[in-house]
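Undergrad: Each residue of the sequence shown is one higher than the one before, counting from 951 in the numbering used here.
Calculated from the structure, these hints are not laboratory results.
Some hints could be false.
[Unchecked claim] Each pair of labels, with its calculated beta carbon distance range:
#1 Thr-982 / Ala-1033: 37 to 45 Å
#2 Gly-1304 / Leu-1235: 29 to 37 Å
#3 Leu-1040 / Val-971: 39 to 47 Å
Backbone N, C-alpha and C fix where the C-beta goes; we use that ideal spot for every residue, glycine too.
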Amino acid sequence: MKRVWQWVLRALTAFDWPLLVLLMLMTILGLTVMHSAVGGTDWRFADQSRNFLIAFAAMWITALLPPPLLMRLALPAYLCGVALLVGVELVGETSKGATRWLNLGVVRLQPSEFMKIAVPMMLAWYFHRNQGGSRLLNILAASVLLLIPFLLIVKQPDLGTALLVFGTGFCVIYFGGLSFKLLLPATVIVVSGIVAVLYFEDQICQPGVDWVLLHEYQKHRVCTLLDPSSDPLGKGFHTIQSMIAVGSGGIYGKGYLQGTQSHLDFIPERTTDFVFAVFAEEFGLYGGIMLLALYALLIFRGLTIALQAHTQFGRLLAGAISMMFFVYVFVNIGMVTGMLPVVGVPLPFMSYGGTALLTLGVASGLLMSISRYRAAEK
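Model the full assembly from the supplied sequences, consistent with the hints where possible.
TA: Pasting the structure below:
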């Protein structure tokens, strides 16, 4: 009986309670919006409820793993993920023009999702192991470790997941010592490219113009972002309808279950990528601010855990996971409001999907593990 009681106490102390409270609020809000988006409690609502339970279990198990064990798992996890990505390239299954899945007989995997966690773990482990070494050499080596999975995911193609993997990996490199001065040339190049695209929009968006580095559908997404009305019933339909839904919510919203754009099926993918349009239409500007405040608190708690971590590995990994949440929110809401091209990036704890929720659950568990390890040492 004493051992059972000790195990229960250990399991309960695995939680970071401020983070857990925020996650529970996000879960309640996510299921509430999903109930409206699907129009009741059909199989999708039941599936999403099950997905939350699985994500919670994954979070709890991960939180029980101490950071030293996570460090030992970082390299095998990264190598396994890269091997699976190579397997996708060689024998992967193709669906809707993209080769992103690997059928192992027992289970069908999307290895790119796994790399959202494996890449920051690997880079955090690398910088932890090479503290005191040449900063330039460490950054170059880490950049190679990041570019390998990034390019393999881009090749599938899966630009949304590739951007998330690159964003979290880049945050580890930046927190690991990348000088801001080295970012200035890249920033100038990116800004110049955006200005050039805006200036030459009429010429480069013409049919038959090859953008070389992007697939044709990716080119259409960028051109549709610049002018959604150019194809209102095709490529621009998603952006136009989501912007109408967000705008029609006004300041106070139309009320729960009262959204016309969503319940009349004008919002495409309203349970996944465009669930924020459903939320904004029903809860309005004030609801949107409240949701952003919850995400800000979630990110702030993650950064606090990073600052209080006792190891380089913990600081870098917690910081990268916190910024991963930020990238998720920024890209999704930017996409729904017409500020960014349409890419397949879900809204954390709101969008329907088991794989994305599982990844978020593991990421939250990593934050709790780092927080618990600090408390145990102290």
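Undergrad: What are the numbers of the hints that this structure violates, sorted from low to high?
TA: none
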